[in-house]
Amino acid sequence: MNPGARLSLTLWGSGAVLGLLAAGYSLFTAKGTATSSVPAEYIAVVNQSPLYVSDYLDQLKTQFNVSIEDASVEQRRTVLEDMIREELFVQRALELGEPEIDPDVRNALVASVQAQIAVDATSQVPNDSELTAFYQAHLQRYSSIGYLTVADLIARPDAAGPAAENSLTHAAAALREGQPLAAVKTRFGVEESGAAVGEQVYFAAKLHLGERLFAAASPLMPGEVAGPVKAEDGRLHLLYMLANNPPQPRSFALARNEVYGDYRQELLQRIRDREFKYLKDKSDIRINRAYQP
Amino acid sequence: MRARTRYFFLLLLVGLAGTLGVRHLQRLHMEHRLLDTWPESAALDPALVQFAAERAVPALREHCAVCHGTNLHGDSLRGAPDLLDKEWVFGEGRVTDIEQTINHGIRSGDHRDHDLASMPGFLRADPYARYHIDSLSPAEIADLASFVLHLNGREPKDAAATARGKALFNKALCYDCHTESAQGDPSIGAPSLLPHDWLYGSSPEALVDVISYGRAGICPSWAGRLSPVTVRAIAIYLHERSEKSS
Numbered sequence: 001m002n003p004g005a006r007l008s009l010t011l012w013g014s015g016a017v018l019g020l021l022a023a024g025y026s027l028f029t030a031k032g033t034a035t036s037s038v039p040a041e042y043i044a045v046v047n048q049s050p051l052y053v054s055d056y057l058d059q060l061k062t063q064f065n066v067s068i069e070d071a072s073v074e075q076r077r078t079v080l081e082d083m084i085r086e087e088l089f090v091q092r093a094l095e096l097g098e099p100e101i102d103p104d105v106r107n108a109l110v111a112s113v114q115a116q117i118a119v120d121a122t123s124q125v126p127n128d129s130e131l132t133a134f135y136q137a138h139l140q141r142y143s144s145i146g147y148l149t150v151a152d153l154i155a156r157p158d159a160a161g162p163a164a165e166n167s168l169t170h171a172a173a174a175l176r177e178g179q180p181l182a183a184v185k186t187r188f189g190v191e192e193s194g195a196a197v198g199e200q201v202y203f204a205a206k207l208h209l210g211e212r213l214f215a216a217a218s219p220l221m222p223g224e225v226a227g228p229v230k231a232e233d234g235r236l237h238l239l240y241m242l243a244n245n246p247p248q249p250r251s252f253a254l255a256r257n258e259v260y261g262d263y264r265q266e267l268l269q270r271i272r273d274r275e276f277k278y279l280k281d282k283s284d285i286r287i288n289r290a291y292q293p
Numbered sequence: 001m002r003a004r005t006r007y008f009f010l011l012l013l014v015g016l017a018g019t020l021g022v023r024h025l026q027r028l029h030m031e032h033r034l035l036d037t038w039p040e041s042a043a044l045d046p047a048l049v050q051f052a053a054e055r056a057v058p059a060l061r062e063h064c065a066v067c068h069g070t071n072l073h074g075d076s077l078r079g080a081p082d083l084l085d086k087e088w089v090f091g092e093g094r095v096t097d098i099e100q101t102i103n104h105g106i107r108s109g110d111h112r113d114h115d116l117a118s119m120p121g122f123l124r125a126d127p128y129a130r131y132h133i134d135s136l137s138p139a140e141i142a143d144l145a146s147f148v149l150h151l152n153g154r155e156p157k158d159a160a161a162t163a164r165g166k167a168l169f170n171k172a173l174c175y176d177c178h179t180e181s182a183q184g185d186p187s188i189g190a191p192s193l194l195p196h197d198w199l200y201g202s203s204p205e206a207l208v209d210v211i212s213y214g215r216a217g218i219c220p221s222w223a224g225r226l227s228p229v230t231v232r233a234i235a236i237y238l239h240e241r242s243e244k245s246s
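Protein chains in written order, with the numbering used here: chain A, 1 to 293; chain B, 1 to 246.
These are computed hints drawn from the structure, not numbers from a lab.
Note that the structure is a prediction, hence the values are computed from the model and not measured.
For each residue, glycine too, the CB sits at the ideal point set by N, CA and C.
Don't take each hint at face value.
Unchecked claim - Below, a list of computed lysine-lysine pairs in the DSSO-like style, where the Cα atoms sit at most 30 Å apart:
id : chain 1 : residue 1 : chain 2 : residue 2
1  : B       : Lys166    : B       : Lys86
2  : B       : Lys244    : A       : Lys61
3  : A       : Lys230    : A       : Lys185
4  : A       : Lys185    : A       : Lys206
5  : B       : Lys86     : A       : Lys61
6  : B       : Lys244    : B       : Lys86
7  : A       : Lys230    : A       : Lys206
8  : B       : Lys171    : B       : Lys157
9  : B       : Lys171    : A       : Lys206
Unchecked claim - Just so you have them, the derived chain B footprint on chain A, three or more residues with Cβ under 8 Å:
id : segment
10 : 108–120
11 : 198–206
From just these sequences and the hints, can you work out the full model?
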């Protein structure tokens, strides 16, 4: 072999050995494949997984309530170490297959995917015509809460049966004639039950009066009388409306924030359902026949 | 002659390519500087502030104007705040505060968003989803609104109602978020009730509706959809404009 060919063979051989060494180093240590410089938007790169500067700044604020300018070296080191530790443990958890075995990890992953869907839904800011259409379609949802003041009258305890009904019937007639409530109470021996005292929002009045009395009271205009009505407790009641503000549709301008929240919630549900369907359709799912529902 | 013309155009092309290349490198250099410089320090560097403004304005127009308005002065119909004044609903207006809000949003679903509290709807049967708060009657809400209008610097129409509203301010736990002095708490996004423009309009009707039915504004999170450079640029630009506002 001439010297030129020998030199050539030696160079080829050296190159091959160096290549094998580099490959081996890369194979057995992640450091071998790491990039030498860290891009400006990352605070660090751990086994090629980036740790973002923005996350680092947030973490500094959350943990020590300081900005990077005000943070001490020790605070900065602590946060950086914490982030690196977290990243390494996450990577190790994936190597160990934690998502396969740990229910907490599985729950966290499900919550994370759902949160990401929420983020995507929020990023689609609806325009006014979409929101107005949603508002029109659910107008009742955006009504104001009604409120009323009603005198719920019953016969005094000494009157029972037909006597009670008689006094309530006469009291109703007197109230319809426009006689003052106080005078009617004295004259016909009726008193307020105390179930719904003063101004009441509709849901509270319904709770205090009961379904039957509320149904009789809510359509009344001020000055109108309903009854005697037999309530759920078996007693006869007379309802005299003093003030009634039934639910009214709130304007789109006032309800907009709520409309947007509900619109987003429905969009979110639709996206989640679609995502689940998509994943289900593309997956190979086999169910044990013995457990087939 | 023909050869000379050919050389001229070749030289022009090389010059143009060179200029574009240099400008691109300059832009890359500025982007790196913007991210490498600590946020609050970057806001003190005129060259970086200038670069941030050039980068931020088109991004704001494209992504933020839809809610905050083309002039970025906010929209009370949407509850979108003025981005150029000195008032900050969340945070204290530092570059890092603004950057955090842009990155993670408000009630956006992002795991680092601002979502510690929202305004309860006191007329509802269950005013607040997170924990129990008693409902208020319409008359109590009217009293509370009277007191809040007084805090906002308006002459009370009914002094007795304002006095009752003051007691309700404590009973209804308003101070828990808005603080006892009603200055608000930017760490949870509770706005000040003292004289300034309100987020959802300044009319008494709007105030009664806010107390009655609650509010929970939403801002998307932009991390991953805007580049870190753009987010930093917007944060510096808004900080700068806010600092300069009267």
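Take a quick look at whether Lys86(B) and Lys61(A) sit within 30 Å of each other, Cα to Cα.
holds, 21 Å
Annotated coverage of the segment 108–120 of chain A by chain B, confirmed only when three residues or more have a Cβ within 8 Å
It holds, with 6 qualifying residues against the three required.
Given hint Lys86(B) paired with Lys244(B) - CA-CA distance at most 30 Å
Holds. Lys244(B) to Lys86(B) sits at ~9 Å (cutoff 30 Å).
30 Å Cα cutoff - pair Lys230(A), Lys185(A)
holds, 19 Å
For the pair we were handed, Lys166(B) and Lys86(B), check the Cα-Cα distance against 30 Å.
Status holds; Cα separation ~28 Å.
With the threshold set at 30 Å, check whether the alpha-carbon distance from Lys185(A) to Lys206(A) stays at or below it.
Between Lys185(A) and Lys206(A) the Cα gap is close to 24 Å, so the pair holds against 30 Å.
Given hint Lys206(A) paired with Lys171(B) - CA-CA distance at most 30 Å
holds, 25 Å
With a cut-off of 30 Å on the C-alpha distance, tell me whether Lys244(B) and Lys61(A) pass.
With Cα atoms ~25 Å apart, Lys244(B) and Lys61(A) stay inside 30 Å; holds.
So is the segment 198–206 of chain A in contact with chain B by the C-beta rule, three or more residues under 8 Å, or is the coverage claim wrong?
With 6 residues close enough to chain B, the hint holds.
Pair hint outcome, Lys230(A) versus Lys206(A) [Cα-Cα no greater than 30 Å]
holds, 15 Å
Given the hint that Lys171(B) pairs with Lys157(B), test it: the Cα-Cα distance must not exceed 30 Å.
Holds - the C-alpha atoms of Lys157(B) and Lys171(B) are around 22 Å apart, at most 30 Å.
The structure shown violates none of the earlier numbered hints.
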